[in-house]
Structures are given as structure tokens and as C-alpha cells.
Amino acid sequence: MSHIVIAPFSNSDIRDWTAAHFRALIARLVADWGGLVYVVGAPGQAMRAHEIVRSFDSSRVINQCGRGGWGEAVALVRAATCVIGNNSGIAHLAAFEGVPTVCVFGGAHQRLEWRPIGANVVTLSRVIACSPCHLHHAAHCPFGLACLEQITPDQVFETAMKLIHHMPGEVFADVA
Amino acid sequence: MTASFGDRSDDMLQHYLDLADKPRLNLTAEQDLTTAAGAQAVVHAADLLQDESDYRGALQRWFGLLRVGGLLVLTVPHAFLDARQDRLPAARRPRQKRLYTPASLLAEVEEALAPNSYRLRWLADRDAGYDYALDRATPPTGQHDIALVLERIEQPDWDLAPARPPIAPAPDFAFEPLRTRVETMVADGAARILLLKLDHLGDFLMGVPAMRAVRRHFPDAHITLVVGSWNEGLARRIAIADELLTFDALPRNAEEAQVDVAGKAAQFDALIHGRYDVAIDLRSFPDTHALLRNVDAKHKAGIGHRGAHPFLDIFLPIDPTSEAVDHAWHQQIGVQEFFALNASERTPFQIGRGELAAQDSEQILVWGPYRSLVPGDYLFQPYLDLDFGRPGLLAYDIALNAERRVYGVLDGTTDLLIPFTVTGKSSQFEFRLATLPGEPPLDFHFYGGKLIKKGASGTLHQSEYLALLVELVAMRLNGTILRDARDAPR
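Quick mapping for you: the protein sequence lines, in order, are chains A and B.
With my numbering, the residue at position 76 of the first sequence is 76, and numbering never jumps.
With my numbering, the residue at position 74 of the second sequence is 74, and numbering never jumps.
Pulled out of the complex, with its shape left as it was, chain A reads as follows (with noise of 0.2 Å):
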């Protein structure tokens, strides 16, 4: 059964689409898209993890959060089906191996020079004013991470459906 892989974690946690978010996407996922889930992260991302998993059916949404090592999360992220993260590792090697990959792009950093690069690959950031502040952690951020907030579920998932389905004119298709 195919896979989509959900990075929902970075060193810093203000690069870090919220927990809500994420559980909101893997809602539309596991009800409008046929396979499986898979949600990745470092053992010490293991808890958070469970926040994002927990109310789903776990033959449907995997949670590998701290288990298995490097190479099985390579070699997950390789046959995946899409990646969808965070400015992180996952997302940078998704890209790298050619995956279709979906970055939601926080405003800490300037996704001009820290963007994934790669043949398949879609960023969604938000134009706001205080991009790039280069903060380290979300509680510094006085707009309530606002730059992410502001990216929705359903945008991600929408992003990601026509990347999938190879639909490169619609993957553009400006969000308000």
C-alpha cells in the first residue's frame, strides 16, 4: 500500500507547523486519500508524536516516532508516496532522493536560501511582515507563530493531492 510520510518536527520549534494543524491534515488524509500514514521524528519527539497520532486508527496513521533507525526512516521517505514537513532534514532529504515533497515554510528563516531544492518539491510559506525574525523557539514570537498558523490543513492537503496526481499548473494555484 502506498505511503505518505508526515515530518512534523525540527531542531528548533519554531520551524514547526503546530500539533492541531498536523492532526488536521492527517484527518483529510486518512479520509479522502486511500493509504497509508506515516509520521516520523527523533526518539526525544516521541511524546509530541503521540499528540498528533492518538486519535487516529493506528492501522491507518504508523506512528515511527523514535522507532527503527536512520536507515529505515531513508528508506521510508525513499518509496514514499509524498513527504510532507517541515524546514527540516526530512524534507531537504525528501527532496534530494526526488520524493514529491510538501515544506510548510515558517517565517523564522528566508525560504529564498533555506528552501528544500529539488525536481518535486512545493513551499508553502505565508508574506508577512515580520519574515525572517531568525528566533529560535516558538514562545519568543509575539504573533503566535502566526506565520505558520496561517498556512491551513487543507491548503497542505490540497498541495499535496495535485503533486501527487502530477498536476504541476494546479500545484501553483495561489492561495489567499
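Just so you know, the hints here were simulated from the structure itself, not pulled from any lab data.
Bear in mind the structure is a predicted one, so any value in this text is a computation, not a measurement.
The reader is advised that the hints may include incorrect statements.
Stretches of chain A that chain B covers, calculated by requiring three or more beta carbons in the stretch to come under 8 Å of a beta carbon on chain B [said to hold, decoys possible]: (1) 1–11; (2) 108–118; (3) 145–159.
Under 7 Å between C-beta atoms, here's a sample of chain A residues computed to sit facing chain B [stated by the list, open to error]: (4) Asn-63; (5) Gln-64; (6) Ala-129.
We put the CB at the ideal spot given by N, CA and C, even for glycine.
Based on these hints, arrange chain B on the given structure of chain A.
Below, chain B alone, put in the same frame as chain A:
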């Protein structure tokens, strides 16, 4: 061999099952659970979880049957006592979905149930009467499972995740309205390339590695190379072009003739025909970039800043000349990294003399910044304003590990560069300003300085600038050009 602690674990399980009298629900695989939510004192799921595809859902359903204070009692076959395997399928239980150890069972619980909705009361391997002498082909005897007991608790209303309420609304953007960008990259490639290398002999030769790199990156492209007529023979020798054109944008001898590139633009436009995928000006000075203005090319590339050449969409934003001394690196050191005598006049931006009077002995007025330096030759350039209109003297020195190495008296030399050498492995660098005994200090304002490590590695060769431009062009055309939604084909 038979386990000896089994009776105790058996007693414990029964203890938990009996702990609350009623109601108690012994689950079976086919049970309808819709009517019993939130009421049970004990729910016992014996050897069920291992067969559930959705372990999170099963645990949540069973846990949901409990009242606060109720117990969920789980048992599952032990991977090392029952199946005696480390991977599926389980030989005696083909329906089994997962193999369990105490750790993996607890991991499923932690994943399935909300934190602070339960407490773990008991987790144990149960092997009462187990015969470890039996081989794996023989069904196990005695207990061979894992038991886990959870108590449901009243869940507090605080959340483990940190709250991040905004303290201000997100700002609007000055250039464009709030929106989500959806961007991808496009690999345009290049089938037809126009290369300009219009400068003189030496510059042409310094550009050969870059020209060869163009051919290496685009082996199948049709390359048109335009060179000064004096370089035609050399251009044929390097043989990277499919078409060679000559155009004397610059005078052959720049000392004898006026440079007028702009005045020759119409001639150049008449020479260049057809559409190119990319046109690259391989001159590091920007004076020939203007010739690209009217070229019919999807991409135009050169060294310099796009503000001056807005028709360039691929540009290496550097100044390919260096006015500085040979240096490996330099660093500005702000005045805030220096210390000053209390009597000095200090602001965030400068240290001044203040009201210091003449003293019999030397007084250090400014000192710092205590940088640890590796061995090598250095220069320090202090940023100083000195007022020689009033009487006074001021000395400076460089100290390494508090030992004076260079000493001088300021004499009005502008752009003072103080050389010094570091030989020790770890030397604390210090620049100091000091009085001279018996002399009033010169009126001064100190703003920090620039520390320079001498060496050649910080400066690029002209051939390297051009090679970097070609690498940039190749990366962009092979897939790093960012395409915005509004420019995308529909």
C-alpha cells in the same frame, strides 16, 4: 526450569481484578461496548489487544468504559515466553498483529491514552509455572503473558503543551498583501547559450575555466561565444563553442582609445540573432552587461547587482575587486567589547577622554577585547578621532596575554594600522590606550576597531569569480529557480 515468582504475579493480577467489586466487565473479542461507557470499576481485556489492528482505538474504547478510579487490566502474550519469536507471524497465533514486550505494550498505552488521564499501577511479566526447558516447537506451559493495570484518574484541565497565545496581531506586509505563497522550482535547462567574453587577452585566459565549465554543465547545448577579435584564435583553440562571433566592444588597446560600450549596442544587437535560453556575460566588470539588454534570452546572467542591471535575473551579487590588503579574514570589533577607566566618558558608541588630568605614572584608559587568536600575522586598525588642537599625548599598545608587544605614541597618522604577530597557540589579544607619565591625555574618541588576519585565502581570483557565476547559472537552470504561483503556467 520453572519460574519461582509466578505465584506472586498471579496473586497481583487477581488482586487488581478483585480490587473493585462491581461492576466488572470481562471483555471478549465480539463484545458490544456501546452501552457501558464510563461506568465500569474494572475492565479486563485478556489476550485481546494483540489481535487488534487498531490498538489505539481498542485501548481508547476499553479505557472509555471505566469510571474515574476504575482499573483497566490488560494481558497480552509475551513475545519471549509465548511465541518465542522476534518477528511476525506468530507460529501458534496467526491472527496476532504485534509481538509484545512490557516496553512495547506500555508504549502503545502512552500513545493511545491522553497524558494525565490515567496512572500506571502495575506492569509485569507473568511466568508462574513456566517451563523454560521446553523447545520452541512445544506449546508453552504455565503463564506466558504480560499484565498491565491502569487506573483512570480525573484529568486536570491544564495541558502539557505550552500555550502560545499571540500578544499582538500579525503585521501586514508592506509590499504585498497577506497570502500563502505556493512555490516550486523549475528546471529550465538550456539548449541554446550565448556567452560573452569580450575583454582582453589576460581576462580571456582567466575566463577559460568558466567557459569550459559551461560546456561541462551543458554538454548538448548549442553555445554561441562572442569574443574580441584579438581573442578569436584562442577561442577556437579552447573549442567550447558551436558558433564563434567576434565583436570589439572594448578597444583593443584601452590606453589609446575611448571605451564606449553603450555606443556600440546597436551594432551588437545587429550581430546577435535568434532566441537563447540563457545569455551570460563572463566579464567580471559590469561595463559590458548592458549589451545583454536587448538579447532575446529567457535568462540573463552576470556578476554584479541587479539594481544596476535589472535585466539580469541570475546574478552573482559580489564586487569582483578587492581594495583591501591581503587578508584571510577581518572582523569589526565594536566599542562595547572594550573596557574603559571609570573617569572616561562613555556612550554605547564611543569612549572619550573625559576629565582626566595628567598623572605621574602611566594610566591605561581603554583596554580589551581579549580575543583568543591563533598563530599568524595580524593588523589592528583602531577607529579614533584625535584632537591635536589641545595639548596632550596618548600612547597605544598591543598586548598578548597581558604582555606588551607593540608600543607607540599617537602622532596624527590617519588610518593607523598596527601590525603584530601571534606565535603562541592561544593568545589573548588586547589593544590599549594609555597616558604618558606627567602628560595630560590627548582628547580622543575611540569607536572600536578592525582586526585583520593577514593571508591570501580571503580573496578570490578573477577566474574563481567567473567559475562561481557559471556554477550559479548551472544550478539555477537545473532546478533552483523559484517559480511563484502568479508566474506559473495554467
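Hint by hint, here is what the structure shows:
no. : hint    : verdict
1   : 1–11    : violated (count 0)
2   : 108–118 : holds (count 5)
3   : 145–159 : holds (count 8)
4   : Asn-63  : holds, 6 Å
5   : Gln-64  : violated, 11 Å
6   : Ala-129 : holds, 4 Å
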